[in-house]
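Number of protein chains: 2
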Amino acid sequence: MDQAGKPRRRSGGRAGNAARRGQAAIDQMPWKPPVNIDRPTEPLPTEGVQAIHDGAMRILEEIGIEFLNDEAIALFRQAGCTVNGSNVRMGREWVMEMLGHAPAQFDITPRNPDRKITIGGKHILFGNVSSPPNYFDLEIGKKVSGSRAQCADLLRLTQYFNCIHFAGGYPVEPVDVHPSVRHLDVVYDKMVLTDKVPHAYSLGKERVEDVMEMIKIAGGLTEEEFTAAPHMYTNINSTSPLKHDVPMIDGCLRCIRRGQAVIVTPFTLAGAMAPVTMAGAVSLSIAEALSAIALFQYVRPGAPCVIGTFTSNVDMKSGAPAFGTPEYMRATQMTGQMARFYGLPMRASGSCAANVPDGQAMWETSNALWSAVQSGTNIVYHAAGWLEGGLVASPEKFIMDCEVLQMIQRYMDPAITATGPDDIAIDAIKEVGPNGHFFGITHTQDRYEAAFYQPFLSDWRNFEAWEAAGSVWTAERAHRIFKEIIGSFEEPPMDDGIKEALGDFVARRKAEGGAPTDF
Amino acid sequence: MDQAGKPRRRSGGRAGNAARRGQAAIDQMPWKPPVNIDRPTEPLPTEGVQAIHDGAMRILEEIGIEFLNDEAIALFRQAGCTVNGSNVRMGREWVMEMLGHAPAQFDITPRNPDRKITIGGKHILFGNVSSPPNYFDLEIGKKVSGSRAQCADLLRLTQYFNCIHFAGGYPVEPVDVHPSVRHLDVVYDKMVLTDKVPHAYSLGKERVEDVMEMIKIAGGLTEEEFTAAPHMYTNINSTSPLKHDVPMIDGCLRCIRRGQAVIVTPFTLAGAMAPVTMAGAVSLSIAEALSAIALFQYVRPGAPCVIGTFTSNVDMKSGAPAFGTPEYMRATQMTGQMARFYGLPMRASGSCAANVPDGQAMWETSNALWSAVQSGTNIVYHAAGWLEGGLVASPEKFIMDCEVLQMIQRYMDPAITATGPDDIAIDAIKEVGPNGHFFGITHTQDRYEAAFYQPFLSDWRNFEAWEAAGSVWTAERAHRIFKEIIGSFEEPPMDDGIKEALGDFVARRKAEGGAPTDF
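First to last, the sequence lines map onto chains D and R.
Everything in the first sequence is counted per full-length UniProt numbering, starting at 1 for the first residue and increasing by one.
Everything in the second sequence is counted per full-length UniProt numbering, starting at 1 for the first residue and increasing by one.
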């Protein structure tokens, strides 16, 4: 494995690789981030939205949020909030005034400007699985700690699929790279293997600053160009209940002061770190998110901020988090209503509790994805590749999820439900009559190639044909496609000088010790 | 296998069976047919609804439907429609006048009155897979022709699961029983093994009349009681494009004249027997369905009728029907809008193209089920057990689908999104503060047992625990539950005299030759 995480040569040698390169592993839909044409599903009546808003405001006014970050404390004090030690209470008028500065929509432009994304409005974007420490694929056959090579392969999938719109986090945490320099190696791979919107973890000054620097280098941007508009984002979690920690807030301040975007995503597990009721968990989540977003607007009015949700419940039998459940779906929809109430873009997630890429994994993920669509969310994190409640990344699951994401993209095509005269097609019905067939007529021939969703993984053959082809179940078919994609992967173009500068930066920072660790 | 299709004794002998009986194989949700509390997803603007209505009316006025049934022809002529041979053209005023008689809602009461179902309004009901000629389970490991024993096992699943609300059709076609008497044997099994709303196929006079008679016997009903209100239903398909055949219309007339319900479900595959556009396929489907429903209202104003949809597309590569696609989802939602426009209850379907109960099967079925929910449909046919485009029934798929159906039932519980003060739970949040945990507090303890969906099949354990328990993927776990359910199945109560009368009826009709066949 070289520094760019290039794959070892696959069978077929140089000639084989050359033959595979340039030949698409699959036929996929083009890059076209969907616009959500459906009216959101809104389970809360107006009074319900008001009740949650009031609940969130009471949390901020009466209980307060612990900000374990001295800079934030000083800022809140300056803003006139009530500060006692690490506890910050803030009035709803101030909060709403701050939120009034937040943009309802903004763009993030990566090093490939054709992969610019718009966050907000009716846009919906899908991202790769982010941060699991473990990896599973059918070849290995078990759960293993993540490695840089596996991370690089998942980055290739992130780049390859047009239905994946940004490269969020590390698709698997490479435990084989020392944490002090892990961000340097993984983000190097990310810069070389992808050209989509990237991300930095807010886990310490060096990790944020180094990554922003690498994104600048990779994009050939001056400091002025970098700060003039968002080119990347960070995502933070609060520490529920009621806390924001040092590095998360620090990272966000660094990002917003340089014009970059932040997503604030509380992780509120009902019955554990949040009330057992969905309204309670959502109110707490809203309060925690808004406390941070209000701070960021105070520091930099107009900072691009997204309110995130990761509200689910704990399985009462085992204490393990459950995902893709009815309660999870409703909490996501409720948060969508609140995001629209506050005029903020929103993030939700794909997710499941299943350990392997089977039927359970797909019904749970389908529940999560469709509730995200119904919520009107703008960002769907972890939309491809997630298993075991976020502890495992799987390339088969990634590819299976992409089939669903493509279907959502197609689902949002208003052409499907057009009702003009040529769509109602009375003349075609007359032409065929009661004894004919529609395939041969001009009306069909003119349209059929674009009329229907074309899968790349689903097997629509009859049982006998499927059986004759080896009776291959879906996860195994996904595995084969994984191999095809990796074997024929073409890196996005990158100027040699830029690649060299990236490498030099990584080398220099490694020599300086990277990000400090105590081990 | 005896006449009732009782299972052979399973391992453990008499004592084992006795021990299993009365001990629930799984913890499942109670019988509680959901009420759909969501606003439907409505992709068509008002003009689109009007365009499809106008298209359907133009089909009826300008093209006409072929009714290959002399009685129907005579009735249409009597009603003043324009009849030429088998072609019937009808004006929209007459059609809409007839539809005005159709009830927006009605009940069907089976032999167990606690299993009465309401069709219409916001009620949503799920039924078993119906009519596949083949069977697959993991033990057999391949696709085989259906048998009476397998049909009986699937009837047991139909009875067992509270989330299955009616027993539609034969869950698999028992090819090992001669077609002349098949209806007698299967409906005998259905009457003995289930007490939910039953169905008759409209495939010839004897099949309809014999089944109605058996339902009367099983329910202990006089003719007056039977005809006073619906106790069963039939479902027919038109023969797209533009035709209704002899037995289907004949069966419906027999049913409605005796006060029973009918569902009219065109099967319009875009690009094959319908236009390649969804609007064209839906318009054709609407026209075919309304032509029959209008006839039935003419014959018996107020006859309980349901408008069904089975609109999908043909895979252009193979010519095979595709299911659970984006187009399928939109066609279902569009038909929901039309059903509400006409004031008719609606039927949709669960479905998939997948050949085995894997990830593809579940994302396709999830797409079908969630679009059915979003359409506001009242009936979901084939909601559990369907594979290979309807050619295969699988008990594993049945059980996997039931997990999804239970989740839909729970999803529709308005308690999840309640926002009263105890739900917002400010006091609980204050009590726990920033350093506590919610599990131990009274607010959680008082609620947690009912707060969250409890799965019976999903494995929520972590990877290590799942691995230690044998690394069992979902379909295999479903298979084990199948065996448990069958092994511990308790037939619903049936009076000995009734059972004897049913048996006598079957014997007599068999001696008379059953339903005539030419082989």
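Incorrect hints may appear among the rest.
Treat identical chains as interchangeable: a pair holds within one or across any two.
List time: in silico DSS-like cross-link candidates among lysine-lysine, alpha-carbon distance up to 25 Å [what the hints assert, rightly or not]:
1) K510 to K499
2) K205 to K510
3) K483 to K205
4) K483 to K317
5) K32 to K510
6) K142 to K430
7) K122 to K243
Please keep in mind that the hints were generated in silico from the structure rather than gathered at the bench.
Each hint tested on the structure:
no.	hint	in the structure
1	K510 to K499	within (17 Å within a copy, 83 Å between copies)
2	K205 to K510	within (15 Å within a copy, 84 Å between copies)
3	K483 to K205	neither (37 Å within a copy, 57 Å between copies)
4	K483 to K317	between (38 Å within a copy, 24 Å between copies)
5	K32 to K510	neither (38 Å within a copy, 62 Å between copies)
6	K142 to K430	neither (59 Å within a copy, 43 Å between copies)
7	K122 to K243	neither (31 Å within a copy, 42 Å between copies)
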